[in-house]
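A.B. asks: Taken in sequence, the protein lines are chains A and B.
Using numbering that gives the first Met the number 0, read the first sequence as starting at 0 and increasing by one per residue.
Using numbering that gives the first Met the number 0, read the second sequence as starting at 0 and increasing by one per residue.
Simulated from the structure, these hints should not be mistaken for laboratory data.
For each residue, glycine too, the CB sits at the ideal point set by N, CA and C.
Treat the hints loosely; a few may be bogus.
[Said to hold, decoys possible] To give an idea of the interface, some chain A residues facing chain B are shown, with a C-beta separation under 8 Å as derived from the structure:
1. Glu6
2. Ile10
3. Arg71
4. Lys74
5. Arg324
6. Leu325
7. Gly328
8. Gln355
9. Phe357
10. Met358
[Said to hold, decoys possible] Simulated crosslink set (BS3-like; lysine-lysine; CA at most 27 Å straight-line):
11. Lys2/A x Lys3/B
12. Lys56/B x Lys199/A
13. Lys11/A x Lys72/B
14. Lys110/A x Lys72/B
15. Lys59/A x Lys1/B
16. Lys329/A x Lys56/B
17. Lys1/B x Lys138/A
18. Lys447/A x Lys72/B
19. Lys323/A x Lys3/B
20. Lys46/B x Lys39/A
21. Lys37/B x Lys39/A
22. Lys40/B x Lys39/A
23. Lys138/A x Lys164/A
24. Lys56/B x Lys2/A
25. Lys37/B x Lys2/A
26. Lys56/B x Lys11/A
27. Lys12/A x Lys72/B
28. Lys46/B x Lys323/A
29. Lys138/A x Lys3/B
30. Lys46/B x Lys12/A
31. Lys263/A x Lys40/B
32. Lys39/A x Lys3/B
33. Lys56/B x Lys164/A
34. Lys40/B x Lys164/A
35. Lys12/A x Lys3/B
36. Lys46/B x Lys329/A
37. Lys120/A x Lys46/B
38. Lys2/A x Lys46/B
39. Lys55/A x Lys56/B
40. Lys37/B x Lys31/A
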Amino acid sequence: MEKLPYEKPYIKKLHAGVMNKFGTRSGVQPVKSIDGVLVKTLIENYGSPVFVLSEKQIRKNYRSAYRAFSTRYPKVQFAWSYKTNYLNAVCQVFHQEGSWAEVVSGFEYEKAVGNGVPGNKIIFNGPGKSNDELKTAIKNDSLIHIDHFEELNQLLILSQELTGKPRVAIRVNMDTGVYPLWDRFGFNYENGEAWTALSKVIDSGKLHLAGLHCHIGTYMLTTDAYGIAANKLCDLAMNCQTQLNHKIEYIDMGGGFPSTNTLKGAYLPGQDTVPSVDDFAEVITSTLLNFGFANEDLPMLILESGRVLIDDAGYLLGTIIANKRLSTGKRALIVDFGVNVLFTSFWYDHQVSPAQDFMPHNENMVIYGPLCMNIDVIREGINLPLLNPGDQVVVHKVGAYNMTQWMQFITLRPAVVLIDEQQRPHLIRSNETLGYIEEPEFIPIHLKANK
Amino acid sequence: MKIKSNIATSENGFIFNPATGDSFSGNAIAATLLLAMKSGKTEQEIKQDILDRYDVKADQLNRDWEDWMLQLKEANLLEIDA
Chain A
0 MEKLPYEKPY IKKLHAGVMN KFGTRSGVQP VKSIDGVLVK TLIENYGSPV FVLSEKQIRK
60 NYRSAYRAFS TRYPKVQFAW SYKTNYLNAV CQVFHQEGSW AEVVSGFEYE KAVGNGVPGN
120 KIIFNGPGKS NDELKTAIKN DSLIHIDHFE ELNQLLILSQ ELTGKPRVAI RVNMDTGVYP
180 LWDRFGFNYE NGEAWTALSK VIDSGKLHLA GLHCHIGTYM LTTDAYGIAA NKLCDLAMNC
240 QTQLNHKIEY IDMGGGFPST NTLKGAYLPG QDTVPSVDDF AEVITSTLLN FGFANEDLPM
300 LILESGRVLI DDAGYLLGTI IANKRLSTGK RALIVDFGVN VLFTSFWYDH QVSPAQDFMP
360 HNENMVIYGP LCMNIDVIRE GINLPLLNPG DQVVVHKVGA YNMTQWMQFI TLRPAVVLID
420 EQQRPHLIRS NETLGYIEEP EFIPIHLKAN K
Chain B
0 MKIKSNIATS ENGFIFNPAT GDSFSGNAIA ATLLLAMKSG KTEQEIKQDI LDRYDVKADQ
60 LNRDWEDWML QLKEANLLEI DA
């Protein structure tokens, strides 16, 4: 006789009171596969935990975001934000789709060159560029976005001996009605610093001011801020044209569009509250189109989106290690991935789904990672069915920042797998080994273990 | 390990404590365990019965039993030993 399915015994106190206005939870399904590949098979083949990326979803996100802008504005260019996810396979997907590269360090710059991106399609941002890095960028005709006066002077010195002019842009910060202001990067608009900087670039005769750049924040929940920012950059561009007789070729609006992850402390889920890329595109492009540029003078619009293009294409698969009951009676679940791997659990209440069939009873529980550190909390409270050690879970929307900000701390970093459009999994980064971590280490002779 | 004698339980997992007015709902296994405990079976008998009928290993069941006892204690449903 076949045995009945087992689940942990569980009782829940019933509270009389007003019904929850959102009704009961319904429709939760186990997530057994990703793009047609079984979670179980992925864990068997690549270990647990493992990051999984959907190439299909990345391309879909890119095309839909590009369409949102290109159907509203004649000259649009995306540049993939390397820091969001710079695994080479991921970058190549974006480059195949037509993205340039947006980098913020010499390391990222080298990665972009290694990925075959032509120098003149690399945007070099950030407040910390060395002389050597700037020389390379100048030699490759990259777009250098100047962050501060020191960098501007550095470039003027480097350009003394050149015959050609390095192509640069000024990063501008401004009040867009969103606080705290992001005023640590670039030159301020309101106090006239940005105008001084761009005048200095043009007057020098040594640098070519190709564009104006801003990046007003991250995970922006209001489209209005982008309208204000676009308006201020257009104002600078127009003044440049009328007062300094210099045409600005592009306006780079940066990134900052939110994914549909739910921010910690948010009352409603992210997918119900964040504006869509279309909403942002409408505000930005209508500001540019209505500002008063002649048709042939319309600047190219560059966007450096990262998070919104890849977050929902990434999954983290893991396994339950243990169940626990805390002193308060609350249930705790220990999983095999910690905050060292899932860095974004500090920002988001990530959705977590069981990867196998489950019984209908739910219990509110806390999810802890495997680290022997008090901060290792994946979810402070989540309603999940009762799971047993060995059961598998899928964490959703982890494609942005985790595979760059993850830390080798206490445990090793896991493998990353990309599922292609034909539903074939490919290993794109192998899991770390002790040898890999210790390879750069040296032990002085007097500290060597006696064998 | 004994359920308070005044606790009312139903076959589908509803539990009522007339002394406090608290009510609880439980899953199918919880309902089975409660009925077995009320019928006076020993821990060993109850566990063996579950092992015979359900797809679970003994070590898993033993771990869950500890948790089950904590839940019952937390819910104030256990007879307190003198």
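A.B. asks: Tell me if the interface restraint on Gly328/A is satisfied: Cβ within less than 8 Å of some Cβ in chain B.
C.D. replies: holds (4 Å)
A.B. asks: With chain B as the partner, please determine if Arg71/A meets the hint condition of a C-beta pair closer than 8 Å.
C.D. replies: violated (53 Å)
A.B. asks: Would the pair Lys138/A and Lys164/A pass a check requiring their Cα atoms to be no farther apart than 27 Å?
C.D. replies: holds (10 Å)
A.B. asks: Hint check: Lys138/A vs Lys3/B, CA-CA at most 27 Å. Holds or violated?
C.D. replies: violated (83 Å)
A.B. asks: Compare the distance between the alpha carbons of Lys2/A and Lys46/B with 27 Å, and conclude whether the hinted pair is satisfied.
C.D. replies: Within the cut-off at roughly 15 Å; holds.
A.B. asks: Would you check the hint for Lys37/B and Lys31/A, treating anything up to 27 Å between C-alpha atoms as holding?
C.D. replies: Violated. Lys37/B to Lys31/A sits at ~39 Å, over the 27 Å cutoff.
A.B. asks: Taken at face value, is the distance from the CA of Lys138/A to the CA of Lys1/B at most 27 Å?
C.D. replies: Distance of about 82 Å is beyond 27 Å: violated.
A.B. asks: Between Lys59/A and Lys1/B, does the CA-CA distance stay at or below 27 Å?
C.D. replies: Roughly 59 Å between the alpha carbons, so the hint for Lys59/A and Lys1/B is violated.
A.B. asks: For the pair supplied as a hint, Lys40/B and Lys39/A, confirm whether the alpha-carbon distance does not exceed 27 Å.
C.D. replies: violated (39 Å)
A.B. asks: Is it true that the CA of Lys2/A sits at most 27 Å from the CA of Lys3/B?
C.D. replies: Answer violated: Lys2/A to Lys3/B is near 31 Å, above 27 Å.
A.B. asks: Does the alpha-carbon distance linking Lys263/A and Lys40/B stay inside the 27 Å limit?
C.D. replies: Status violated; Cα separation ~47 Å.
A.B. asks: Against the 27 Å threshold, does the CA-CA distance of Lys55/A and Lys56/B hold or violate the hint?
C.D. replies: Violated, because 41 Å separates the two Cα atoms, which is more than 27 Å.
Of the numbered hints given earlier, the model fails hints 3, 4, 6, 8, 9, 11, 12, 14, 15, 17, 18, 20, 21, 22, 29, 31, 32, 33, 34, 37, 39 and 40; all others are met.
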